[in-house]
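Asks: Spelled out from the first residue to the last, the chains are:
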Amino acid sequence: MDYAFATIRELRQALDDKEVSSVELAKFFLARIKKYNPELNAFITITEDEALAQAGDADQAIARGEVGLLTGIPYAAKDLFSTRGIATTAASRILENFLPVYDATTIAKLKEQRAVLLGKTNLDQFAHGSSTETSCYGPSKNPWDSARMPGGSSGGSTAAVAAGLAPFALATETGGSIRQPASLCGISGWKPTYGRTSRFGVIAMTSSTDSIGTVARSAHDLAITAEVLSGHDPKDATTGNVPVMDYSAQLSAGLKGFKIGVPKEYFVEGIEEDVEKRVREAIAVAKDLGAEIVDVDLPLTGFGSLVYAIVTPSEVSSNLSRYDGIRYGHVTAEAKDLFEIYTKSRREGFGDEAKRRIMTGTYALSAGYRDAYYLKAQKVRRLLVQEFEQVFKKVDILLCPSSPNVAIKLGSAADNPLFGYIADQLNIPGALAGLAALSVPCGFGRPKDGEAVELPVGLQIIGPQWGEQKVFQVGHAYQQATDWHKQKPAGFQN
Amino acid sequence: MNDLKYEPVIGLEIHVQLKTRSKMFCASANNPDEAAPNTNICEVCSGQPGSMPVANREAVKKSIMVGLALGCEIPEYSKFDRKNYFYPDLPKGYQISQYDQPLCGKGEVVLGGSKIRITRAHLEEDAGKLIHEGAGSLVDLNRAGVPLLEIVTEPDFRTPAEAKEFLQDLQNIVRYLGVSDADMEKGHLRCDANVSVRRAGEKVLPPYKVEIKNMNSFRAVEAGLDYEIKRQEEALKTGGELLNETRGWDEAKAVTVQQRIKEEAQDYRYFPEPDLPALHFEKGYIEELRRLLPELPAAKRTRFMYEFGLSKKDADVLIADKNLAGFFEQVVSEMQEWAEEEGRQDDIKKFAKLTNNWIVGDFQALLKTTNQDPQDTKITAENLAELIKMIDRGEVSGSAGKKILSVMFEKGGDPSNIAVDEGLGQVSDESEIAAVVEKIISENSSVVADYKSGKKQAIGFLVGKVMAETKGKANPQVVNKILQEKLG
Numbered sequence: 000m001d002y003a004f005a006t007i008r009e010l011r012q013a014l015d016d017k018e019v020s021s022v023e024l025a026k027f028f029l030a031r032i033k034k035y036n037p038e039l040n041a042f043i044t045i046t047e048d049e050a051l052a053q054a055g056d057a058d059q060a061i062a063r064g065e066v067g068l069l070t071g072i073p074y075a076a077k078d079l080f081s082t083r084g085i086a087t088t089a090a091s092r093i094l095e096n097f098l099p100v101y102d103a104t105t106i107a108k109l110k111e112q113r114a115v116l117l118g119k120t121n122l123d124q125f126a127h128g129s130s131t132e133t134s135c136y137g138p139s140k141n142p143w144d145s146a147r148m149p150g151g152s153s154g155g156s157t158a159a160v161a162a163g164l165a166p167f168a169l170a171t172e173t174g175g176s177i178r179q180p181a182s183l184c185g186i187s188g189w190k191p192t193y194g195r196t197s198r199f200g201v202i203a204m205t206s207s208t209d210s211i212g213t214v215a216r217s218a219h220d221l222a223i224t225a226e227v228l229s230g231h232d233p234k235d236a237t238t239g240n241v242p243v244m245d246y247s248a249q250l251s252a253g254l255k256g257f258k259i260g261v262p263k264e265y266f267v268e269g270i271e272e273d274v275e276k277r278v279r280e281a282i283a284v285a286k287d288l289g290a291e292i293v294d295v296d297l298p299l300t301g302f303g304s305l306v307y308a309i310v311t312p313s314e315v316s317s318n319l320s321r322y323d324g325i326r327y328g329h330v331t332a333e334a335k336d337l338f339e340i341y342t343k344s345r346r347e348g349f350g351d352e353a354k355r356r357i358m359t360g361t362y363a364l365s366a367g368y369r370d371a372y373y374l375k376a377q378k379v380r381r382l383l384v385q386e387f388e389q390v391f392k393k394v395d396i397l398l399c400p401s402s403p404n405v406a407i408k409l410g411s412a413a414d415n416p417l418f419g420y421i422a423d424q425l426n427i428p429g430a431l432a433g434l435a436a437l438s439v440p441c442g443f444g445r446p447k448d449g450e451a452v453e454l455p456v457g458l459q460i461i462g463p464q465w466g467e468q469k470v471f472q473v474g475h476a477y478q479q480a481t482d483w484h485k486q487k488p489a490g491f492q493n
Numbered sequence: 000m001n002d003l004k005y006e007p008v009i010g011l012e013i014h015v016q017l018k019t020r021s022k023m024f025c026a027s028a029n030n031p032d033e034a035a036p037n038t039n040i041c042e043v044c045s046g047q048p049g050s051m052p053v054a055n056r057e058a059v060k061k062s063i064m065v066g067l068a069l070g071c072e073i074p075e076y077s078k079f080d081r082k083n084y085f086y087p088d089l090p091k092g093y094q095i096s097q098y099d100q101p102l103c104g105k106g107e108v109v110l111g112g113s114k115i116r117i118t119r120a121h122l123e124e125d126a127g128k129l130i131h132e133g134a135g136s137l138v139d140l141n142r143a144g145v146p147l148l149e150i151v152t153e154p155d156f157r158t159p160a161e162a163k164e165f166l167q168d169l170q171n172i173v174r175y176l177g178v179s180d181a182d183m184e185k186g187h188l189r190c191d192a193n194v195s196v197r198r199a200g201e202k203v204l205p206p207y208k209v210e211i212k213n214m215n216s217f218r219a220v221e222a223g224l225d226y227e228i229k230r231q232e233e234a235l236k237t238g239g240e241l242l243n244e245t246r247g248w249d250e251a252k253a254v255t256v257q258q259r260i261k262e263e264a265q266d267y268r269y270f271p272e273p274d275l276p277a278l279h280f281e282k283g284y285i286e287e288l289r290r291l292l293p294e295l296p297a298a299k300r301t302r303f304m305y306e307f308g309l310s311k312k313d314a315d316v317l318i319a320d321k322n323l324a325g326f327f328e329q330v331v332s333e334m335q336e337w338a339e340e341e342g343r344q345d346d347i348k349k350f351a352k353l354t355n356n357w358i359v360g361d362f363q364a365l366l367k368t369t370n371q372d373p374q375d376t377k378i379t380a381e382n383l384a385e386l387i388k389m390i391d392r393g394e395v396s397g398s399a400g401k402k403i404l405s406v407m408f409e410k411g412g413d414p415s416n417i418a419v420d421e422g423l424g425q426v427s428d429e430s431e432i433a434a435v436v437e438k439i440i441s442e443n444s445s446v447v448a449d450y451k452s453g454k455k456q457a458i459g460f461l462v463g464k465v466m467a468e469t470k471g472k473a474n475p476q477v478v479n480k481i482l483q484e485k486l487g
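For the protein sequence lines, the chains are A and B, in the order given. Residue numbers for the first sequence follow numbering that gives the first Met the number 0, so the first one is 0 and each next one is one higher. Residue numbers for the second sequence follow numbering that gives the first Met the number 0, so the first one is 0 and each next one is one higher.
Hints listed in this document are in silico derivations from the structure and should not be mistaken for laboratory results. Glycine included, C-beta positions come from ideal geometry on N, C-alpha and C. Among these hints, one or two may not hold up.
[To be verified] As a list, the in silico BS3-like pairs of lysine-lysine whose alpha-carbon atoms are at most 25 Å apart:
id: 1; chain 1: B; residue 1: Lys128; chain 2: A; residue 2: Lys343
id: 2; chain 1: B; residue 1: Lys128; chain 2: A; residue 2: Lys375
id: 3; chain 1: B; residue 1: Lys78; chain 2: A; residue 2: Lys378
id: 4; chain 1: B; residue 1: Lys128; chain 2: A; residue 2: Lys335
[As the list claims (entries may be wrong)] Far from chain A by the CB rule (all over 10 Å, computed), these chain B residues:
id: 5; residue: Arg20
id: 6; residue: Arg81
id: 7; residue: Lys91
id: 8; residue: Glu132
id: 9; residue: Pro154
id: 10; residue: Asn171
id: 11; residue: Asn215
id: 12; residue: Asp274
id: 13; residue: Thr301
id: 14; residue: Gly459
id: 15; residue: Pro475
Construct the entire structure; sequences and hints are all you get.
Replies: Pasting the structure below:
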C-alpha cells in the first residue's frame, strides 16, 4: 500500500491487520517530512522523539486490543494548538521558543486516542492571513506548484496532507482558513459548526468565530476525526451540548431527496472561469445522484466581510494583549520602564498584520466608536445568522466554490485586489453565522495568470449549524461518484 | 475666606472577595492568603495562550444572594465583558468584569433611618499582587482570578460616620450570608469612596469628585473621609481649586495624597466577553435563592427587641457577631423550654435579659482571652442555660456563678457538678442559715443593741458576718429575711 497517500480508513485497516506498526508509520512519515519539508516549509517543528514514543504506546495498545478510531494514526497540528512541552509559536516572533504548560483539549483527545503527533505546521502569524506569507518562518509552498501559495491560514496543514506528509492535520478557521487552503491544495477540509469542537488551548484569533477542524483526504476521513474531536468541553463554555453522532457510520444515505441550494451571490464576477465550471459540474453530479437543485438568494452576503472587518480586529486587539513580555514570550532586551517593556516587546514581537489589527480593533472598541462599529456589526451579524436560518428552512445544504481562484503565485496577492474580497464573500458569512461546512476537491483549472498548469479547485458544501452529518453525507456521496480527492501532486513519491 | 456652610456628598465603591472553593474562571484554589507565591495558579488564571474562562456557578449564586440582601433588582439576563488595560498583575491584558448588564441592579437599604440606594453590584475577577523588591518587581498570581463582587452606592451618605456604619453593616450582611470573611485588614473587603463638598441645602452634585483609595480599616474610612472633607471645605472657603482626582489615604501621616488627576475617563474598551455565553436566570431560580436567604442582621435586631425585649443597644452588640447572636438564641431557647415547663412563660423576657447579660458580659470576656468563636468553646448552650437557671433558683450566688463559668470555659462540664466540686453551692435552707444567724447575734450584742435602738443600717454588718461565716454560700436574701425576723 502507498501509505503516503492512504486514507485514515486504509491506515486503520493496515494497523489492525498488523500489516504495519504505528512506529513504522511514524518513521515512514517522519522520513518523508525530512525529505520534502525543506522544499514545502509545511512544518515549523518536527516532533520526532514524541512521535516515536507515542507510536510505541499505540502499538502496545493495539496489541492489547485497545483500539480507538485514530489509535496509531499519525497527524500534524497547526502551530496554533497548545502542546505541552512542545514549542508553540503561532508562527510569530513574540512566541518564538515558547513552551506551553498544557495541552489543548483537541490535542488531549488525540492523545487519549493514541494518535501520533508528527509535528507542528506553518500558518499565517496568529492565523492572520490567507496565504501563510505572514509567517515569521517564511511561507509554505503549494505541493501542486511550489511557486504558488498553499492558501491559509492553515496552509502548512493543507500542504502537509496534500504532499503525503501526514494523513490528516488539525487546522483552524475564522473566515476561510480551512476551506480556502484545502481547496488550493486539493484536499478535503472540515470547518465545524462554531462550538462543535473545543477552542480550549487554541491560541485565540476571533473568539466569537474561531472553529477548530481538520483537513484530510476524504469526507469519510473528516467524519472520523469529527467523531473524535466533537462534543462539549467543560473547559470551553462556548461548546454546545449537542449530541455527537457516529458521523462516519452514517455516510451512505446518498443524495436522493436532498434539496441543494445554489446561492447566486456566491457566483459573482471575479470567480475564475475554470473554478465556476468545475463547481457547476459538481452540482450537476449532485443532481445526477438524485438531489434537487434550487436557486436561493442570500442578499446580505456582501455585509459579511464588513462585519468581519470590525469584529475580527476588535477581538484580536484584546486577545493579543496577553503578549506583554511579562510572563512568557519575547521580551525586549532593554527597557527603561514598564511602559517600554510593553511597547518595545510588542513592537519587536508582532508582525505588521497583527499590529494593523491591534490598531484597527483598538479604534473600533474605543469609547464613542464602540456603538457605531462593534455593536452595530454584531447586530448585522445577527441578521446574517437569521438569513441562513431562513434559507436552511428551504434547502438542506448549499453548494458553491470554496475559493474564487486556484492557487496564485507566492507574493502575488498584493497585485490581486479582488483576491481577498471575493474569497471573503464565499467564506465569511457562513463563518460569522457559525455554520458547518466542507471543502472537497472537484477538479482542476488553469490559473488566471495564464501559466499552463492544472491546479485543484474546491467545492464548498455549507450546512446549517450542527449540520455536520449533512455536509459529511453530501461530501461522501460526491466522493463516491468522483475521484478528484484521490489525485495527488507529482514529485512526492517515496 | 467665607463663612458658608458646606455638606459632603459621599458614595462608596466596595469590593467583596467571595469565598468559593475555586477561582472565578478556573479550577485553581481560591486561597489568596496562600503564602508561597504562584502556587494556586493554572493556565487560565495565569493567562497562558489559548486558555479560556468558565464562570464559577457558586460565585454567581453568592453574588445574587448579596444583591437580594441589599434589595437589588436581579435581572433575568446578565453577561460578562472584557475591561482592557495593561498592568503586570493582570495576566490577560484585560479583566473579565461586567459592564452594562450587572448581576444585580438597583437596590436600597435602610441605615439608621435613612435610605441608601445601591447603584449596582457586579461580579469580576481580582488581579494578582505585585511585590516590589530592590530594583525590580515580582508578580504573584495567587489572587489573580479570585471572584470579586463590586458594590456601588449612590452618593447618599452625608457623614463619614454613616459611610462607616454602612460598611460595617455590609460586612455583617456578607458574613451572615456566608459569602465572604469580609476582613478589611486582609483585603477581603475593600472600600473606595467618592467624595465632594457642596453648599448646605444644594440639590445638585458638585462639578467634581475625588476618589479616595487605600483605606484599609473602618477607622481609616472614617478618618480618610473626615480629612478629605475638611481639605475640600478649606479649598472652597479660600477659593482654591478642586479637581477630579484620585487620592490615597496615608495612614501614618493621616492625610490624603494625590495619586492621579483624572482629566478624562480612562477608556477600557469594554466589549462582551466572547468566551462566556450570556447568563439567563429563570425566575424560579432567583426566588429559590431568596428563600435560601438566612435572617439578616436588621431583621434579627428587630426580632431580638420585640421577642425578647432587648434594648437596641443590647441587640446591636449581639447581632454584630453572627455566631454570638446564634449562641444567644440557643441559650434562650433552652431557657424558654424551662420556663414553659415551670409555667413561668411571663418571665421569658427576664430570662432573655439575664442570658444577654451573661453572654455579652462574662462569656464574651472569656472568649476574648482565647480568641475563640462562641460555638467553639467547652461551654455548651445547655450548660450555660443550666447555670442561669441555678442562679435564678438561688442555688448559687451571682459571684459563684462567675467562678463556675470560668471553670466551665476552662474544663467544660455541668455547672451543678462544678458547684459541688468547688463547694460553691448556695445555702438557702432556712434552718441551716437560722443557726448561723443565732450565733452571729449572740456574738455581736452591741451591734444588735444599735439596731434595736433605731440604727437600721447596722443590719448590713450582721449580714456580712453571716456571709463570712458561710464562706459566701448563704443566700443573702434569706439571711436578710431571717435576721429581720430574729431581731424583731
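Asks: In terms of Cβ atoms, is chain A entirely out of 10 Å range of glycine 459(B)?
Replies: holds, 79 Å
Asks: Take a quick look at lysine 91(B) and tell me if its Cβ sits farther than 10 Å from every Cβ on chain A, holds or violated.
Replies: Nearest chain A Cβ is 5 Å from lysine 91(B), so the label is violated.
Asks: Could you check that no beta carbon of chain A comes within 10 Å of the beta carbon of glutamate 132(B)?
Replies: holds, 15 Å
Asks: For lysine 78(B) and lysine 378(A), compute the direct alpha-carbon distance and say whether it is at most 25 Å.
Replies: holds, 17 Å
Asks: Mind checking the alpha carbons of lysine 128(B) and lysine 375(A) for me, to see if they're no more than 25 Å apart?
Replies: Given pair lysine 128(B), lysine 375(A) is violated - Cα atoms ~37 Å apart, limit 25 Å.
Asks: Does the alpha-carbon distance linking lysine 128(B) and lysine 335(A) stay inside the 25 Å limit?
Replies: holds, 22 Å
Asks: Verify that the Cβ of arginine 81(B) lies farther than 10 Å from every Cβ atom of chain A, and report whether the claim holds or is violated.
Replies: violated, 6 Å
Asks: Confirm or reject: threonine 301(B) is not an interface residue toward chain A, with every Cβ-Cβ distance exceeding 10 Å.
Replies: holds, 43 Å
Asks: Beyond 10 Å from every chain A Cβ: check whether that's true for proline 475(B).
Replies: holds, 72 Å
Asks: Please verify that the nearest CB of chain A lies beyond 10 Å from asparagine 215(B)'s CB.
Replies: holds, 25 Å
Asks: Is it correct that the beta-carbon of arginine 20(B) has no partner in chain A closer than or equal to 10 Å?
Replies: holds, 16 Å
Asks: Is it the case that aspartate 274(B) keeps its Cβ farther than 10 Å from each residue Cβ in chain A?
Replies: violated, 5 Å
In terms of the numbered hints stated before, the structure departs from hints 2, 6, 7, 12, listed from lowest to highest.
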